[in-house]
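**Q** Chain by chain, the residues:
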Amino acid sequence: AQSVTQLGSHVSVSEGALVLLRCNYSSSVPPYLFWYVQYPNQGLQLLLKYTSAATLVKGINGFEAEFKKSETSFHLTKPSAHMSDAAEYFCAVSDYFGNEKLTFGTGTRLTIIP
Amino acid sequence: SAVISQKPSRDICQRGTSLTIQCQVDSQVTMMFWYRQQPGQSLTLIATANQGSEATYESGFVIDKFPISRPNLTFSTLTVSNLSPEDSSIYLCSAGQGSIGELFFGEGSRLTVL
Numbered sequence: 001a002q003s004v005t006q007l008g009s010h011v012s013v014s015e016g017a018l019v020l021l022r023c024n025y026s027s028s029v030p031p032y033l034f035w036y037v038q039y040p041n042q043g044l045q046l047l048l049k050y051t052s053a054a055t056l057v058k059g060i061n062g063f064e065a066e067f068k069k070s071e072t073s074f075h076l077t078k079p080s081a082h083m084s085d086a087a088e089y090f091c092a093v094s095d096y097f098g099n100e101k102l103t104f105g106t107g108t109r110l111t112i113i114p
Numbered sequence: 001s002a003v004i005s006q007k008p009s010r011d012i013c014q015r016g017t018s019l020t021i022q023c024q025v026d027s028q029v030t031m032m033f034w035y036r037q038q039p040g041q042s043l044t045l046i047a048t049a050n051q052g053s054e055a056t057y058e059s060g061f062v063i064d065k066f067p068i069s070r071p072n073l074t075f076s077t078l079t080v081s082n083l084s085p086e087d088s089s090i091y092l093c094s095a096g097q098g099s100i101g102e103l104f105f106g107e108g109s110r111l112t113v114l
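Protein chains in written order, with this note's numbering: chain Z, 1 to 114; chain Y, 1 to 114.
The hints are simulated quantities; they were obtained by calculation from the structure and are not laboratory data.
Any given hint could be a false lead.
In silico lysine to any residue, SDA-like type, Cα no more than 20 Å apart, as pairs [unchecked claim]: (1) Y:K65 to Y:R110; (2) Z:K101 to Y:L83; (3) Y:K7 to Z:N41; (4) Z:K101 to Y:E102; (5) Z:K101 to Y:N50; (6) Z:K58 to Y:S1; (7) Z:K101 to Y:L111; (8) Y:K7 to Z:K58; (9) Z:K101 to Y:Q24; (10) Z:K101 to Y:C13; (11) Z:K101 to Y:Q28; (12) Z:K101 to Y:T77; (13) Z:K101 to Z:S28; (14) Z:K58 to Y:E102; (15) Z:K69 to Z:S3; (16) Z:K101 to Y:I100; (17) Z:K101 to Y:L19; (18) Z:K101 to Y:T48; (19) Z:K101 to Y:S99; (20) Z:K101 to Y:L114; (21) Z:K101 to Y:T44; (22) Z:K101 to Y:E54; (23) Z:K101 to Y:G60; (24) Z:K58 to Z:L18; (25) Y:K7 to Z:Q42.
Now the in silico label distances, taken between C-beta atoms and shown as ranges [said to hold, decoys possible]: (26) Y:Q41 to Z:P30: 23 to 33 Å; (27) Y:Q97 to Z:L56: 38 to 48 Å; (28) Y:V3 to Z:N61: 40 to 50 Å.
Here the structure is a predicted model, which means the values were calculated and not measured.
Backbone N, C-alpha and C define an ideal beta-carbon position, used for all residues, glycine too.
Given these sequences and hints, build the entire structure.
**A** Here it is, written out as structure tokens:
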């Protein structure tokens, strides 16, 4: 079965600093990988996705992620954190058949320090 | 895109009773899913709601405890039966429109069982 592991349940960065949220995947076949964001009291929203095209994927709100097969990683980054980035971030992988069913990581809560 | 509305947004229920959560999508979708998000944990897929037929349940979830209906392409219900405090959680409805891994989520229904 496919799975994702998010390192760090809580990450704090200063406003303007680099954001780095880590995600490693386990898959016996090329995976489809996703990052979702959940703002307080809201549903999850797709941030970006990797589906075997370009390895560097750009998403909304200035976020991007790089698929590294050699490291089985799909880390999420943003060059300069903004207060509005405070949220919970989930890495996810689609199942073997590449359909819409997702398996989520445990999430990383991002706090921005003014 | 799709906008998903869930009702109720929150409820407090007594042990042994049942709660039915409604999920309405503002456009036709191919797939609908129900997830559970327990406090401090990630999202766990309960089942895929199939239109006009029985839902497909994930390991550890059974129809008697979590009956699901999907009478048409835009509406589904999840019932959590014979409630116990362990069922206290956020239940999320999600839907896809055929693009791999791109799911839209409702804001969730927060259930507290006393």
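**Q** Does each hint fit the structure? Answer for all of them.
**A** The hints, checked one at a time:
no., hint, verdict
1, Y:K65 to Y:R110, "holds (17 Å)"
2, Z:K101 to Y:L83, "violated (26 Å)"
3, Y:K7 to Z:N41, "holds (14 Å)"
4, Z:K101 to Y:E102, "holds (9 Å)"
5, Z:K101 to Y:N50, "holds (13 Å)"
6, Z:K58 to Y:S1, "holds (19 Å)"
7, Z:K101 to Y:L111, "violated (24 Å)"
8, Y:K7 to Z:K58, "violated (34 Å)"
9, Z:K101 to Y:Q24, "holds (19 Å)"
10, Z:K101 to Y:C13, "violated (30 Å)"
11, Z:K101 to Y:Q28, "holds (17 Å)"
12, Z:K101 to Y:T77, "holds (18 Å)"
13, Z:K101 to Z:S28, "holds (17 Å)"
14, Z:K58 to Y:E102, "holds (15 Å)"
15, Z:K69 to Z:S3, "holds (15 Å)"
16, Z:K101 to Y:I100, "holds (8 Å)"
17, Z:K101 to Y:L19, "violated (25 Å)"
18, Z:K101 to Y:T48, "holds (8 Å)"
19, Z:K101 to Y:S99, "holds (11 Å)"
20, Z:K101 to Y:L114, "violated (32 Å)"
21, Z:K101 to Y:T44, "holds (11 Å)"
22, Z:K101 to Y:E54, "holds (17 Å)"
23, Z:K101 to Y:G60, "holds (17 Å)"
24, Z:K58 to Z:L18, "holds (16 Å)"
25, Y:K7 to Z:Q42, "holds (14 Å)"
26, Y:Q41 to Z:P30: 23 to 33 Å, "holds (28 Å)"
27, Y:Q97 to Z:L56: 38 to 48 Å, "violated (26 Å)"
28, Y:V3 to Z:N61: 40 to 50 Å, "violated (20 Å)"
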